[in-house]
Amino acid sequence: MKTYRELPSDAGSNIIGQVTAQANRLQKRLASVKYTVAIMSGKGGVGKSSLTANLAAALTLKGNTVGVVDADINGPTLAKIMGVRNATLEYTPAGVKPAITVLGTKLISMDLLLAEDDAPVLWNAHTQKDAFTWRSTMEVSALREFIGDTEWGELDYLLLDLPPGTDRLPNVAELIPDLGGVVVVTIPSEVSQFIVKKSVTMARDILKVPIIGVVENMASYVCQHCGEQEPLFSAGETPDAAFQQDLLGSVPFDPKLARSGDDGTLYLHEYPDAPASKALMEVAEKVQAFF
Amino acid sequence: MKFLCTDCDTAMKFKDVTRPEQGSVTALFECPDCFTEIAMFLNPSETQMLKSLDLKLGGNNEAAQPMQMVRSQLETGKTEAMPNEFSPGMGSSETAEGGKCPFTAVISDAFQEEAAPAEPSGPGWSAEALERLERIPAFVRPMAKMGIESFAKDNGHDEITAEVMDAARGNFPAQF
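Protein chains in written order, with our numbering: chain G, 1 to 291; chain U, 1001 to 1176.
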């Protein structure tokens, strides 16, 4: 009796061929992107999406063409932060035209596809029972389509805002074998450093993905009256010591930054001279210098 | 996944796939030498896994449509997201297995789950025969239907009636 390897094909489904076609489609799209950068943090609530939006703005203001993928499929916030929630995606045979911010940054996000503000991402299925067996696969396929089927055009940078945790980076690294690097976001607290170290280990030691550096967000509080900066958290180690990685910048907390995110007005654009904006521009310069 | 006809020691070929019945797809494979058929049942989770990977049983010669998986499978999508082409927003009642969204047809085709059955290329069904078909347990109904249609075609029947079903009965393990 013949064995598995002696049979010529998978009975005609050509599953490998279909998967290869998907990968080729993705790679063809990425061929027009110079650098892909994943922004990640093991911890939620460190301002990662806000930093992604403003890093994208900073890179755009420096004359780069920039696209952003909101890779947080279940908790997409970038359309709101970047002020394009009302954008209507346009379908063309060449791909889906992304939303474009006032600065010209391009964005694709699940939020742009959801029907209502309070609508969660719910996939069509006969039953949601045992959905844990396939939901993650849906999310990765969605991410593949977001990256590969958006009509980005020529991009200098494609930023991917990952959800908290260490689980999405391996997916991204598989989808984008030539991932340019990772920006790790933390805040100066021992809890954050404790968790974010796991992300650094995942990227550096397990996936062997280049780490561009660490951004310490909410590094200090700027007094709105006198302009003096005070620590906001009780820091553990300094970021470069904690993570053994380059520090790309320390971004002070500014209530206006949070408000800009709520209003969808890009902070960097609104307050270019604020200390946080200057810090964000320095981060962008270091990201550029990395490549 | 590969299938071998152990009698002929020949690789079986994909023959057909049904639209999902209660979330479960049935794929038929046939031996090219002795024409023995086998049915492979995918449970709902396996069927959903195939959907989530955006893969098509039996191969896929269609050109990929941008974001076809997200657009066809997102239950809570908005209808006006891409107005010039399709409406990804799909109410559950419309999308359970074969949505009304125009674009869904692309994906539905991948899983043979058209909202309405395609124009029959073989014999039609009488009302009485259809009623009897409905009484067949859902999990074997797709296979039984294909088998009866195949029997009718092979025996020159233009319409499947209760009598044709009786004649076909002996050919199938499932009783109807």
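A portion of the hints provided could be inaccurate.
What the hints assert, rightly or not - Partial list, derived from the structure: chain G residues whose beta carbon lies under 8 Å from chain U:
no., residue
1, Lys-2
2, Asn-14
3, Asn-86
4, Val-96
5, Ile-100
6, Leu-103
7, Leu-114
8, Asp-117
9, Ala-119
10, Leu-122
11, Ala-142
12, Glu-154
13, Cys-223
14, Phe-253
15, Pro-255
Said to hold, decoys possible - Computed footprint of chain U on chain G; a stretch qualifies when at least three of its residues, placed anywhere within it, have a C-beta under 8 Å from a C-beta of chain U:
no., region
16, 55 to 64
17, 277 to 288
What the hints assert, rightly or not - Straight-line Cα separation of at most 27 Å, DSSO-like style, residue types lysine-lysine; simulated pairs:
no., chain 1, residue 1, chain 2, residue 2
18, U, Lys-1002, U, Lys-1013
19, G, Lys-198, G, Lys-62
20, G, Lys-80, G, Lys-208
21, U, Lys-1145, U, Lys-1002
22, G, Lys-43, G, Lys-278
23, G, Lys-286, G, Lys-43
24, U, Lys-1145, G, Lys-97
25, U, Lys-1078, G, Lys-2
26, U, Lys-1015, G, Lys-129
27, G, Lys-208, G, Lys-197
28, G, Lys-208, G, Lys-256
29, G, Lys-80, U, Lys-1078
30, U, Lys-1145, G, Lys-2
31, G, Lys-198, G, Lys-43
32, G, Lys-34, G, Lys-256
33, G, Lys-208, U, Lys-1013
34, G, Lys-286, G, Lys-197
35, G, Lys-28, G, Lys-2
These are computed hints drawn from the structure, not numbers from a lab.
Each residue gets a CB set at the ideal place from its N, CA and C atoms; glycine is no exception.
Do the hints match the structure? See the list:
{"no.": "1", "hint": "Lys-2", "in the structure": "holds, 6 Å"}
{"no.": "2", "hint": "Asn-14", "in the structure": "holds, 5 Å"}
{"no.": "3", "hint": "Asn-86", "in the structure": "violated, 11 Å"}
{"no.": "4", "hint": "Val-96", "in the structure": "holds, 5 Å"}
{"no.": "5", "hint": "Ile-100", "in the structure": "violated, 16 Å"}
{"no.": "6", "hint": "Leu-103", "in the structure": "violated, 23 Å"}
{"no.": "7", "hint": "Leu-114", "in the structure": "holds, 6 Å"}
{"no.": "8", "hint": "Asp-117", "in the structure": "violated, 11 Å"}
{"no.": "9", "hint": "Ala-119", "in the structure": "holds, 4 Å"}
{"no.": "10", "hint": "Leu-122", "in the structure": "holds, 4 Å"}
{"no.": "11", "hint": "Ala-142", "in the structure": "holds, 5 Å"}
{"no.": "12", "hint": "Glu-154", "in the structure": "violated, 18 Å"}
{"no.": "13", "hint": "Cys-223", "in the structure": "violated, 43 Å"}
{"no.": "14", "hint": "Phe-253", "in the structure": "violated, 34 Å"}
{"no.": "15", "hint": "Pro-255", "in the structure": "violated, 32 Å"}
{"no.": "16", "hint": "55 to 64", "in the structure": "violated (count 0)"}
{"no.": "17", "hint": "277 to 288", "in the structure": "violated (count 0)"}
{"no.": "18", "hint": "U:Lys-1002 - U:Lys-1013", "in the structure": "holds, 9 Å"}
{"no.": "19", "hint": "G:Lys-198 - G:Lys-62", "in the structure": "violated, 32 Å"}
{"no.": "20", "hint": "G:Lys-80 - G:Lys-208", "in the structure": "violated, 33 Å"}
{"no.": "21", "hint": "U:Lys-1145 - U:Lys-1002", "in the structure": "holds, 24 Å"}
{"no.": "22", "hint": "G:Lys-43 - G:Lys-278", "in the structure": "holds, 25 Å"}
{"no.": "23", "hint": "G:Lys-286 - G:Lys-43", "in the structure": "holds, 23 Å"}
{"no.": "24", "hint": "U:Lys-1145 - G:Lys-97", "in the structure": "violated, 43 Å"}
{"no.": "25", "hint": "U:Lys-1078 - G:Lys-2", "in the structure": "violated, 51 Å"}
{"no.": "26", "hint": "U:Lys-1015 - G:Lys-129", "in the structure": "violated, 30 Å"}
{"no.": "27", "hint": "G:Lys-208 - G:Lys-197", "in the structure": "holds, 15 Å"}
{"no.": "28", "hint": "G:Lys-208 - G:Lys-256", "in the structure": "violated, 37 Å"}
{"no.": "29", "hint": "G:Lys-80 - U:Lys-1078", "in the structure": "holds, 16 Å"}
{"no.": "30", "hint": "U:Lys-1145 - G:Lys-2", "in the structure": "violated, 32 Å"}
{"no.": "31", "hint": "G:Lys-198 - G:Lys-43", "in the structure": "holds, 10 Å"}
{"no.": "32", "hint": "G:Lys-34 - G:Lys-256", "in the structure": "violated, 32 Å"}
{"no.": "33", "hint": "G:Lys-208 - U:Lys-1013", "in the structure": "violated, 42 Å"}
{"no.": "34", "hint": "G:Lys-286 - G:Lys-197", "in the structure": "holds, 21 Å"}
{"no.": "35", "hint": "G:Lys-28 - G:Lys-2", "in the structure": "violated, 38 Å"}
In summary, the numbered hints that this structure violates are 3, 5, 6, 8, 12, 13, 14, 15, 16, 17, 19, 20, 24, 25, 26, 28, 30, 32, 33 and 35.
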